[in-house]
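A.B. asks: Turn these sequences into a full structure, and let the hints steer you where they fit.
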Amino acid sequence: MAEEFASAPHFVGARIPRTEDSRLLRGEAQYLDDIQIPNLLEMAFVRSPYAAARILSVDSSAAWNIPGVRAVFTFADMPFVLPQNGPSPIDQPVLARERVRHAGEAVVAVVAESRYIAEDACEAVHVAYTPEEPVLDMQAAQKDRPRRVHDAAPNVFYHQEYETEGFQAAFDTAPHRLTMTFQTTRQTACSLETRGIIAAADPFSGRMTVYCGTQSPHRLRGDLAEMLQMEEHLLRVIVPEVGGAFGMKAATYPEYLAVVQAARLLRQPVKWTADRVESFLSDVHARDDIHDLEVAFDQRGQIIAVKDHLMADGGAYASYPFSGAIGETSLAAKVITGPYDIAHLSTVIDCTYSNKVPLGAYRGVWGPVASFVQEGMVDRIAQFLHLDAAEVRRTNLVQPNQLPYRNAAGMLYDSGSFTESFEHALAQLDYTRWRATQEQARRVGKYLGIGLSNFVEPTAMASSEAGSIGYESCSVRVEPSGTVTAWLGLGPSGQGHETTMAQVLADQLGVDLEHIVVLHGDTDAAPLGGGTGGSRSGPLGGGAAMQAGRKMRERLDVYAAHMLEAAVEDIAWEHGRAHVRGVYARHVSLRDIARIAYNDVRQIPSGLPIGLEVTERYQPPRPVSFSNGTHAAVVEVNPSTGQVTVLDYVVVNDCGTLINPLIVEGQIHGGVAQGVGAALLESLVYDDSGQLLTTTLMDYLLPSAPLVPRMRIEHLVTPSDGALGVKGMGEGSLIASPAAIAGAVNDALSPWGVSFERLPIAPRDIVTSLGRSSAAPV
Amino acid sequence: MKPAHFEYFRAATIGEAVDKLGGDPEARLLAGGQSLIPAMNFRVARPSQLIDINGLEELKPLVARLPENILEVGALVRHQQIATSPLVQRYLPFMATVALSIGHWAIRSRGSVGGSLCHADPAAEWPAFMVAAGAEMVVAGPQKYRRIPADTFCSGFMETALGPGEMLVKIEIPLAQGGWGFWEVARRPGDFALAGAVCRRHHSRTTVTWFGADLSGPGTVTVESEGGAGHGTHFWEDAASRVLAVDDDYMLQILGYCADQACRQAQSDEGRDYDNR
Ligand SMILES: Cc1cc2nc3c(=O)[nH]c(=O)nc-3n(C[C@H](O)[C@H](O)[C@H](O)COP(=O)(O)OP(=O)(O)OC[C@H]3O[C@@H](n4cnc5c(N)ncnc54)[C@H](O)[C@@H]3O)c2cc1C
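So the sequences go chain by chain: D and W.
Residue numbering for the first sequence follows our numbering, starting at 1 and increasing by one per position.
Residue numbering for the second sequence follows our numbering, starting at 1001 and increasing by one per position.
None of these hints come from the bench; they were simulated from the model.
A portion of the hints provided could be inaccurate.
[Said to hold, decoys possible] Here are some, though not all, of the chain D residues that point toward chain W, as calculated from beta-carbon distances under 7 angstroms: (1) 116; (2) 275; (3) 704; (4) 755.
[Said to hold, decoys possible] Not close to chain W: a few residues of chain D, all C-beta gaps over 10 angstroms, as computed: (5) 15; (6) 146; (7) 233; (8) 604; (9) 701.
[To be verified] Residues on chain D that point at chain W, a partial pick, calculated with CB under 8 angstroms: (10) 115; (11) 119; (12) 120; (13) 277; (14) 640; (15) 641; (16) 643; (17) 681; (18) 683; (19) 706; (20) 764.
What you are looking at is a predicted structure, and each value in this text was computed from that prediction instead of being measured.
C-beta: ideal position from N, C-alpha, C; glycine also.
C.D. replies: And the structure:
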């Protein structure tokens, strides 16, 4: 790995404050809604009040009469669809076509001179519906009950089965078996900045500029071109500052097509920004899963075989391009054994349509669900055998000498520190002391619990919600003045890529950070790349930056050797200056080289091209690289009110080489915060008629600052064999944390024999499950 | 999420505000806007006219009228003012504790005591506190002023005893003796409470006033007993089930729990001395 650094690493691994923070913290960043364009029109949508209905008629005459209204569109005016050519044959129309299939589905688009007028006009549009019985229960839906969501297709749109050889015999002959059903409730990413888009045609060139907070700028451009039958080179996508995305903004949404098409038809710029209610009703949802599980094990708690029926409610359409239902289940089925050495696995997957918002990606996708199932299963085994929860984990963890390890589903864990991270977490937490404290506390009627969560995190995969581009790209240009501009195909939304990618480049080029600027998110400038999602930006983007930086460096070395009359091998770089190794007096600056490369081209060493520009694409050696780690939580549960307080929280994280520990820790803090939400607070609740009841932040409870625990973080470093040894780490913290917190709550309630297999665990659930006694039975 | 069309009028005097209000049944007063504006943005509230009362100095006093043993709180006094006022600290520190459990700082800085009372959300703290304190509301109407005792002011779920064209001007809170206690359960700090209780103890009299999302307004029960406050959760749960129209077990349990916690606080508070005693 060391030889991959052209210079001794000064920047990779350093705790460098983020370049982005200055503008973000000063409130100077420009988000979509801050963009000012003359004559900008605003779009608003009439959305379905029914979960399922036939559209009888749309009367928009009153809306047209409101001054300031410029257009009222239905599907007939923009007959476009988001196609599904994968396993699901059902397209998603831009505006509802004859039927509505979830409450909140866009039916009519109004364009007006202001959002106020547009909303007035939405109220004036009269849509007549005949309500139909909604499909809301995923298990009934599997049998096409009460009916099909789409007449043309059965409700089950994805079915898979998998079994290891010899599974049945191993399962049948195991000493013990337990059955359990795990369930997660619908959540959504709930980014602080809602979704939005602006489309503005350039009347001179005939090109269309689209501003959108997407995670995959190039993919969005391709999607718009394909779906709206436009020429790709006449489209430009610019991603402004993005206030959170979390996978949710990776999708291409119907509203995006509607806005771009409206701008084409009206020949005037059009904007739509979602309000919070619209966000809840139209951003992809996530985590609507059930796992019917049977586990077979021996008297030591060694797990022999796992059998899992994975179900997910995919909502009304398979979200484009990534169905969250398929993503959550198919990936969970591949890593449901986590970091445990389990020989036999049998999985069945069923993803179904329903009359709910489509399921898409949310940070961790399959992971938070699978980890909750996997750790819940281990805890149930420990409880059943009256063994310590840590002991049962030790018994099952993949041992160092088993690595690289192929799990029962066929996934290869390339490297990791499973036992080490677990032991470090126990030590950091002081597990034995907390167990003693827990004992004492119970005697005085206080209920503490300890939750342990070992996780694996598949990262840098060829395909994710960001798309199916298995590489990332980086262009580097040394400017004539000797400063450096780099572009990547990424689509960050707060991860700090401008800092981390500059760190990688700085080490490759031997220049200082302040002389590098990293740009992204403009398809006119950035090289075509895959975007940000699936924990790919660090390993793939970092790889591309490394490769482009190194390529540039090789060229610069030739220049320097030529100018200093030395051998290429003897050239060393520091602070933007090349010198002959050991002889600091003989040096030449990047600026001098750049001058020759652009302005004095006859002096260019023979064989080198004019200028200093390179574009490189990096594809990792493996299709997936595994990060891992352990979370441990201590909580106190008040049995009278059901309130849960997190008392202590420890994270041991291994994502290979750390580009910037500060940023890695920031990612972890956020993931644990979201884990608190997943375990205790957040749920999207539908009523019996398919109405979403939680459409404001008063009803959909996000973790607020006082609920986020202080946490202690330790890093282990098991490098990958990819570029720089970097592994992805964007999702692991949210993969592990819900399981840790839920496990701790269950542990606290163990005197009652209560164990929750459904998230989130709400205070009411706790109090109700304890019956009328708030003191534990003895 | 934009409001429907409305007219805006900034009142210069109470008389002007009351006139406007009386002349248009669809008009609404605008105080801190922390309840009204969100409702308008959802288009749940669609006033024809907003009468902004934020310029009215007569609604802003926060004074102790010592001869009468009364704390006078203008309708426009903000929650955060109550939380930080040295005067409140001196004469009725318990009120500051209650104020701090309302929403978040930003909301407290704008939201007003009068706005909260007139909005009459059953989960709000001030209506219950005012009932427990035996406060009186001073109300200006089209013709005259009148006084309404706190226990009849909030008359039901988001309903008040205010008549057409009437507005709340100030609240008079007696600086009475005894111990205070307060407890509430919310899903997250700063959220509206699921349930809560205010407790007052004086000699052998213990009074608990509940508030909570499932209730129709503050509900009070008074217990005379020689002993301590230690009736326990179950006692208060039973009391709550008799006084309040709640049959949800979980709610009853936390109503009981809040009352018990509030009573324990009131008991230890009773021994303390304040300047007014
Ligand atoms: C996120 C959030 C959390 C909150 N949490 C809490 C909480 O925990 N506890 C709590 O109690 N409150 C909470 N609130 C509400 C807050 O306290 C409001 O300030 C209060 O309910 C209304 O006060 P206001 O001054 O903002 O009134 P406004 O919103 O301006 O008015 C509310 C209503 O009262 C009427 N009104 C106002 N003043 C008068 C007057 N002088 N005479 C007659 N009518 C009048 C208005 O016409 C309107 O109908 C929360 C609000 C938010 C947004």
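A.B. asks: Now tell me if each hint is right for this structure.
C.D. replies: Going down the list of hints, with the structure as the test:
{"no.": "1", "hint": "116", "verdict": "holds, 5 angstroms"}
{"no.": "2", "hint": "275", "verdict": "holds, 4 angstroms"}
{"no.": "3", "hint": "704", "verdict": "holds, 5 angstroms"}
{"no.": "4", "hint": "755", "verdict": "violated, 20 angstroms"}
{"no.": "5", "hint": "15", "verdict": "holds, 31 angstroms"}
{"no.": "6", "hint": "146", "verdict": "holds, 30 angstroms"}
{"no.": "7", "hint": "233", "verdict": "holds, 37 angstroms"}
{"no.": "8", "hint": "604", "verdict": "holds, 60 angstroms"}
{"no.": "9", "hint": "701", "verdict": "violated, 6 angstroms"}
{"no.": "10", "hint": "115", "verdict": "holds, 6 angstroms"}
{"no.": "11", "hint": "119", "verdict": "holds, 5 angstroms"}
{"no.": "12", "hint": "120", "verdict": "holds, 7 angstroms"}
{"no.": "13", "hint": "277", "verdict": "holds, 6 angstroms"}
{"no.": "14", "hint": "640", "verdict": "holds, 5 angstroms"}
{"no.": "15", "hint": "641", "verdict": "holds, 5 angstroms"}
{"no.": "16", "hint": "643", "verdict": "holds, 7 angstroms"}
{"no.": "17", "hint": "681", "verdict": "holds, 7 angstroms"}
{"no.": "18", "hint": "683", "verdict": "violated, 12 angstroms"}
{"no.": "19", "hint": "706", "verdict": "holds, 5 angstroms"}
{"no.": "20", "hint": "764", "verdict": "holds, 5 angstroms"}
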